[in-house]
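Let chain W serve as the given structure and place chain A on it in line with the hints.
These protein sequences, in sequence, are chains W and A. Throughout the first sequence, residue numbering follows numbering that gives the first Met the number 0, covering 0 to 375 in sequence. Throughout the second sequence, residue numbering follows numbering that gives the first Met the number 0, covering 0 to 220 in sequence.
Possibly wrong hints are sitting among the right ones.
Straight-line Cα separation of at most 25 Å, BS3-like style, residue types lysine-lysine; simulated pairs [as the list claims (entries may be wrong)]:
#1 LYS44/W <-> LYS247/W
#2 LYS150/W <-> LYS164/W
#3 LYS269/W <-> LYS247/W
#4 LYS42/A <-> LYS44/W
#5 LYS367/W <-> LYS269/W
#6 LYS42/A <-> LYS87/W
#7 LYS164/W <-> LYS215/A
#8 LYS247/W <-> LYS87/W
#9 LYS87/W <-> LYS44/W
What the hints contain is simulated information worked out from the structure, not anything from laboratory work. All of these numbers come straight from a predicted model, not from anything done at the bench.
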Amino acid sequence: MNMAPRNAAPDTLHLEPVGLLQNPSGVPTDLVRLEGVSKVFPASKASAAVAALDGIDLSAAAGSITAIIGRSGAGKSTLIRLINGLEKPTTGRVMVGSTDVAALAETGLRDIRRSIGMIFQHFNLLSSRTVFDNVALPLEIAGTRRADIAKRVTPLLDLVGLADKRDRYPSELSGGQKQRVGIARALATRPALLLSDEATSALDPETTQSVLDLLKRINRELGLTILLITHEMEVVKRIADHVAVIDKGRIVERGSAFEIFSAPRHETTKVLLSGVPGMQIPDYVAARLTHEPSPASQTVMRVVFTGPHATDPVLSRLTGELGLELNILGGAVDEIAGEPFGTLLVSFPADAARLALMRSFLGQRGLKTEVLGYVA
Amino acid sequence: MSPEIAWLILRATGQTLHMVAVAAAVGSLVGVPLGVFLATSGKEELFAAPMTNRILGAIVNATRSTPFIILVVAIIPFTRLVAGTSIGTNAAIVPLTIATIPFVARLVESAIREVDPGLIETARAMGASPLQVVWKVLLAEARPGITLALTLTVVSLIGYSAMVGAVGGGGLGDLGIRYGYQRFMPDVMLAVVVVLIVLVQAIQSIGDRLARHFDKRIRPR
Chain W
0 MNMAPRNAAP
10 DTLHLEPVGL
20 LQNPSGVPTD
30 LVRLEGVSKV
40 FPASKASAAV
50 AALDGIDLSA
60 AAGSITAIIG
70 RSGAGKSTLI
80 RLINGLEKPT
90 TGRVMVGSTD
100 VAALAETGLR
110 DIRRSIGMIF
120 QHFNLLSSRT
130 VFDNVALPLE
140 IAGTRRADIA
150 KRVTPLLDLV
160 GLADKRDRYP
170 SELSGGQKQR
180 VGIARALATR
190 PALLLSDEAT
200 SALDPETTQS
210 VLDLLKRINR
220 ELGLTILLIT
230 HEMEVVKRIA
240 DHVAVIDKGR
250 IVERGSAFEI
260 FSAPRHETTK
270 VLLSGVPGMQ
280 IPDYVAARLT
290 HEPSPASQTV
300 MRVVFTGPHA
310 TDPVLSRLTG
320 ELGLELNILG
330 GAVDEIAGEP
340 FGTLLVSFPA
350 DAARLALMRS
360 FLGQRGLKTE
370 VLGYVA
Chain A
0 MSPEIAWLIL
10 RATGQTLHMV
20 AVAAAVGSLV
30 GVPLGVFLAT
40 SGKEELFAAP
50 MTNRILGAIV
60 NATRSTPFII
70 LVVAIIPFTR
80 LVAGTSIGTN
90 AAIVPLTIAT
100 IPFVARLVES
110 AIREVDPGLI
120 ETARAMGASP
130 LQVVWKVLLA
140 EARPGITLAL
150 TLTVVSLIGY
160 SAMVGAVGGG
170 GLGDLGIRYG
180 YQRFMPDVML
190 AVVVVLIVLV
200 QAIQSIGDRL
210 ARHFDKRIRP
220 R
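Same shape as in the complex, but just chain W:
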């Protein structure tokens, strides 16, 4: 493997990752690839053996943002810690670049860890160090000279917008500022890969947005590959290109962020999505929803607006050309991975003819429909 030079001549704002990922062909390759990875925590006095991960196959393309989403206890934390060797898999290979991290001994791990940045839910800044010295820590560990450290840290503090806080201590910063320090620190050794362990879970929604925007910017401007774990669909929606859904130690669904949102297949994915505006069924409808139509009941349908027709005035044509009367129960218009995306929950009198008409009309325009049930 080609490692980043430790004491490379410092340059003012040269932030592109070097080493680890040298891809002269320009063809997208996988920077991270997990092959048949399982992790069993052996039985202890307190508990029986636990299979945290079971047959995981996963890859993250170089330059992409890949999100692994799952509920707590699904195995996300173990999974992300395999990638920088903080955990060893019981079986399987963990490829980063051309190196199998799982097969590395301690000293080899230390080298590769210096080209993988990591940010944490609780920031994990050293309380005894100033902002500047926190960002300098990975460079000190890598043996960078003091003078070069300053030339590296200063542009990073500019990048995350904390140049004026360089001599402050973490206790004097807000949560969002702390995570920015964490991000600057993770970038200090010019990694090609950034691991994010629930980095926004301890932040309020507004701060979450700004931290996610920063990550997206870093991904775009520096070409940094980001692999993140989260339990928040909002995070996925905002920045992920690819998504893998993990449940009980298995990957149950994967695809582009857009596919996952517009056509979730697995039950876990649907549950995770249920909190996202436009995806949830209003309580007053959910309470009365039945699986079978009854006389005079209404069909409840979710229409997903995606692709070129996402912004078409479909509804007005539907009522105008087909004379169908629709009740609108809920909906939202949003953007996922940069594409417009809308959902609409409608109901109309339940009969086979109307349903077929709806399906064909919307299907022709490339919109997805899903019958959720019936309400009386």
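Positioned in the frame of chain W, the structure of chain A alone reads:
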């Protein structure tokens, strides 16, 4: 108070400071690394060596549970080996140091264990070696706690040093017993106690101030 007595008190103060300073310095030199090792050598920890950890822990406990005055006489052969004599101030430093090591070790161990384990993981994720983790994370983050631990050690040593009069160690405690109590000179006793109080107060407030200076966890304002 006669000039002779004042001189005695001054000399005893010097002896106490001498014994305490040497015992604290040497005891910390051994005790701090031992404490770090005790805090990091448990199962699945940085320097995982559970067996050694248990053995050292047992030795530390045994030393700490031996009453100091018994330790002083029990290790006389060892004292003679190290100091060349078993009486006098220099000889007294040996048991004082031996008693200091496990005391410091346990206090440092608990200060190190206060450090958020997440920080150890963070440093490891950066590619830090175990020694770098100790140096740059554990000792740096535990500095306020270790400062308070060493302050407590010095204060306790001042108390312990009163007992080494038994082997002719001299010092303030010894003076207080021989003159203040055995010769029934309450003014000497009072003077000794006052000097001890001033010493302890001074050391404690210096230690507190240092610890506060090192502690960046609370907002300074």
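Hint-by-hint comparison with the structure:
no. : hint                  : result
1   : LYS44/W <-> LYS247/W  : holds (23 Å)
2   : LYS150/W <-> LYS164/W : holds (16 Å)
3   : LYS269/W <-> LYS247/W : holds (15 Å)
4   : LYS42/A <-> LYS44/W   : holds (14 Å)
5   : LYS367/W <-> LYS269/W : holds (16 Å)
6   : LYS42/A <-> LYS87/W   : holds (16 Å)
7   : LYS164/W <-> LYS215/A : holds (15 Å)
8   : LYS247/W <-> LYS87/W  : holds (18 Å)
9   : LYS87/W <-> LYS44/W   : holds (21 Å)
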